[in-house]
Amino acid sequence: MSYHFVRTQIATPTLLSRFSTALLLAVSFLIRVDASSVDSVSPIYGTQGSGSVTVTVTLGEDDLLDADQNAVPVSVNLGDLSGTSIARTDTTTVTADFTIDADETLGALDLEVTFSNLNGAAAIYSKVNAFWVTEDEDVSDGYVLYAPVGETTTYLVDNDGETQKTWESDYEPGLSVYLMDDGTLIRTGQADNDVFGHEGGHGGIVENYDWDGDLLWTIEYSSDTYCAHHDIEVLPNGNVLLIAWQLISEDDAIAAGRDPSSVADDGLWADSIIEMDTDGNIVWEWYIWDHIVQDFDSTKDNYVDDVSEYPGLIDVNYELTSSDLNEEDWTHINSIDYNEELNQILVSVHNFSEVWIIDHSTTTEEAASSSGGNSGMGGQLLYRWGNPQAFSAGTEDDQILYQQHDATWIPEGYPGEGNILIYNNKAGKLDDDQDYTTVVEFTPALNDDGLYDFDDDLGYYGPESVIWTWQDDPPTDFYVSSISGAQRQSNGNTIITNGQETYVIEVNSDGDQVNGDDGEPWEYEYEGDSNIIFRFERYTSDFAGFDGTELDDESAAEQYFGVTIDDDECIIDVPGFGFVYICEWPYVFIYDQQSWVCISDTSTSVDASSFSLSTLTVRDHWVYDFILGWYWTRDDVYPWMFIVEVEPDRNPHWTYFADVIGERRYFYYVTPDQWRGHGRSGLDEE
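Residue numbers (the UniProt record's numbering): 1 to 686.
Just to be clear, a hint being listed does not mean it is correct.
To be verified - Below, simulated DMTMM-like cross-link-like pairs (lysine to aspartate or glutamate); rule was C-alpha separation at most 25 Å, straight line: (1) Lys165 x Glu412; (2) Lys429 x Glu417; (3) Lys165 x Asp518; (4) Lys300 x Glu275; (5) Lys165 x Asp182; (6) Lys300 x Glu250; (7) Lys165 x Glu525; (8) Lys165 x Asp181; (9) Lys429 x Asp398.
Claimed, not checked - DEER-style ranges, computed between Cβ atoms: (10) His198 x Asp160: 33 to 43 Å; (11) Asp265 x Asn515: 48 to 58 Å; (12) Gly161 x Tyr303: 53 to 63 Å; (13) Val304 x Pro260: 45 to 55 Å; (14) Leu215 x Glu341: 27 to 37 Å; (15) Glu112 x Asn515: 33 to 43 Å; (16) Phe454 x Glu341: 30 to 40 Å; (17) Pro474 x Thr225: 38 to 48 Å; (18) Gly413 x Tyr503: 25 to 35 Å; (19) Glu220 x Val304: 50 to 60 Å; (20) Asp182 x Thr114: 44 to 54 Å; (21) Glu527 x Asp251: 48 to 58 Å.
No lab work stands behind these hints, which were simulated from the structure alone.
Note that beta-carbon positions come from the ideal geometry of N, C-alpha and C, so glycine has one too.
Using the sequences plus the hints, can you model the full thing?
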């Protein structure tokens, strides 16, 4: 059977709309097809505006030669788009150009290639998902979250490098931290562990903090025989997936066919994936040790003649060179991700230079076997990619990954959705043993059944190449031998961590570093005591976890009091009262559970006795409450809104603050830092 390839590349647009000044994203990809169908095609990405797409089709010579060995005619169509030219660059390669009006939502397009060969007419069809985004040449709006290694503080900073939020823990990170949609922080921690504690990335603790820094729950997975490490993934049901080492004794390792010369006296650490609920109960488990194979010791039950014939199993004797491998830490999984639609788990296997995909739909019993689950394969590997030599397939030329980190599925709705993004730490080792790091994106060989097609001709899972690569210019200017990661943004940009030098940058699809507010290339660098940061995580300003916090862009008055405010004219619409207040900045808005009043004259004292407040005096930057004898003051000149909600049954009364700066609104249940005071029950007395 012959295999054929379709390569698609986005060309530079001929015209950009007024909505964007960015170029169309340059993306190319290579996929395997046969003569009658296309397995899958990566999405086309672009910006709003008119542009062109160049489709290059490469088919086997047997299909494209007539009886006289001449090239047969080929037709290429892309949805309803018309090809402006079809050119043949050689016998088997055909190029067609198409014009795209990206002001309209294109959705899925049909890629159709037709030709006539010796066996008659043939056609290739594929769905191509077209995503059109406004690629931003500036840094994406939002915040970065990180926890410096060796410290107990987690930081959330804005694009200007200003710390907006911190959380304190009793533990150093072990290693990842994340914000959840409910505004809580999930933070790993390092448990005291005499067996695993000397290895980088060891953890054992997972904590959950609310926005105010209060600890909600803690789970622990750490003992003398097992320990969680590196990374976690929170599932939609709230359970947590842990990467964990399991201690295999020296005798057990040798009994499983491990070469005795490769087993330390203290044994071998074999990775596992443990799912726990927030009460610390184990609800699902998967162990590498249930799926090992070897061709070293023919006296063992797991012996096979050819490991390459068992891609779903793990060669117990595969290892990198001794200088690259911890004597005990065999596989060293360093990241984990979950795909809810597929119910599959993706892990980065550092010491194999591979990524693996595992079926999560199994029971624990099925996960220990080779049957069951949606795949019918139990706990065997559904897919592996990056280094086919790890199961005795391919050659050095086929290796793409080298001791990588942070393998993630690109989220739905993001440019590249469904593709896998990887931080390829030692990519340069595959290029004449140079020292440089890349970030790569590729399309896994996923079929319509949610499984992965093994390429019999290659002898391993495709694809043979990636569809996007970022590297510095020159490449050796950016080299991170360990840790770090990359994260795709909704606008098509990618943030890239240099964890060894504790900084993060953002690049667009062309690989160019984007600019900050000052017009210079944006970069945030942590300048504290730690010299290592595992990974920076980016959260956009509209992230759900910021709702109701001081970082919420929504109007505080609207969110908490049902009041709509128009910034331009300061129109306050009070629901249920049938009228509108029009105020000048600054103003005070008072609510006593029954009625509202707006004080807008900053030189007048107002009788507010009906609100149980006696009198409030409003000045440009302060408010004075005569009942309590307190001043509320502002230290800057920004416009501000002060809301007092009076609850007469409480003494002292409760106060709520909203601070309006331009179009950014912040709401406070308690006194914010920029107000001199001590919280909702009192402020500085003067």
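Hint check results:
1. Lys165 x Glu412: The given pair, whose Cα atoms are some 28 Å apart, is violated under the 25 Å limit.
2. Lys429 x Glu417: It is violated: about 29 Å lies between the C-alpha atoms, which goes past 25 Å.
3. Lys165 x Asp518: holds (23 Å)
4. Lys300 x Glu275: Given pair Lys300, Glu275 is violated - Cα atoms ~31 Å apart, limit 25 Å.
5. Lys165 x Asp182: Satisfied, since the Cα-Cα distance of roughly 16 Å is no more than 25 Å.
6. Lys300 x Glu250: Answer holds: Lys300 to Glu250 is near 16 Å, not above 25 Å.
7. Lys165 x Glu525: Roughly 16 Å between the alpha carbons, so the hint for Lys165 and Glu525 holds.
8. Lys165 x Asp181: holds (16 Å)
9. Lys429 x Asp398: holds (13 Å)
10. His198 x Asp160: 33 to 43 Å: Given a distance of about 39 Å, which is inside 33 to 43 Å, the answer is holds.
11. Asp265 x Asn515: 48 to 58 Å: holds (55 Å)
12. Gly161 x Tyr303: 53 to 63 Å: holds (57 Å)
13. Val304 x Pro260: 45 to 55 Å: violated (19 Å)
14. Leu215 x Glu341: 27 to 37 Å: holds (33 Å)
15. Glu112 x Asn515: 33 to 43 Å: Check passed, 41 Å falls within 33 to 43 Å.
16. Phe454 x Glu341: 30 to 40 Å: Since Phe454 and Glu341 have Cβ atoms about 22 Å apart, the given range 30 to 40 Å is violated.
17. Pro474 x Thr225: 38 to 48 Å: holds (47 Å)
18. Gly413 x Tyr503: 25 to 35 Å: Given about 28 Å between the Cβ atoms, the range holds.
19. Glu220 x Val304: 50 to 60 Å: violated (38 Å)
20. Asp182 x Thr114: 44 to 54 Å: Since the Cβ atoms of Asp182 and Thr114 sit about 52 Å apart, the hinted range of 44 to 54 Å holds.
21. Glu527 x Asp251: 48 to 58 Å: Since the Cβ atoms of Glu527 and Asp251 sit about 49 Å apart, the hinted range of 48 to 58 Å holds.
Taken one by one, the earlier hints fail for this structure at numbers 1, 2, 4, 13, 16, 19, listed in ascending order.
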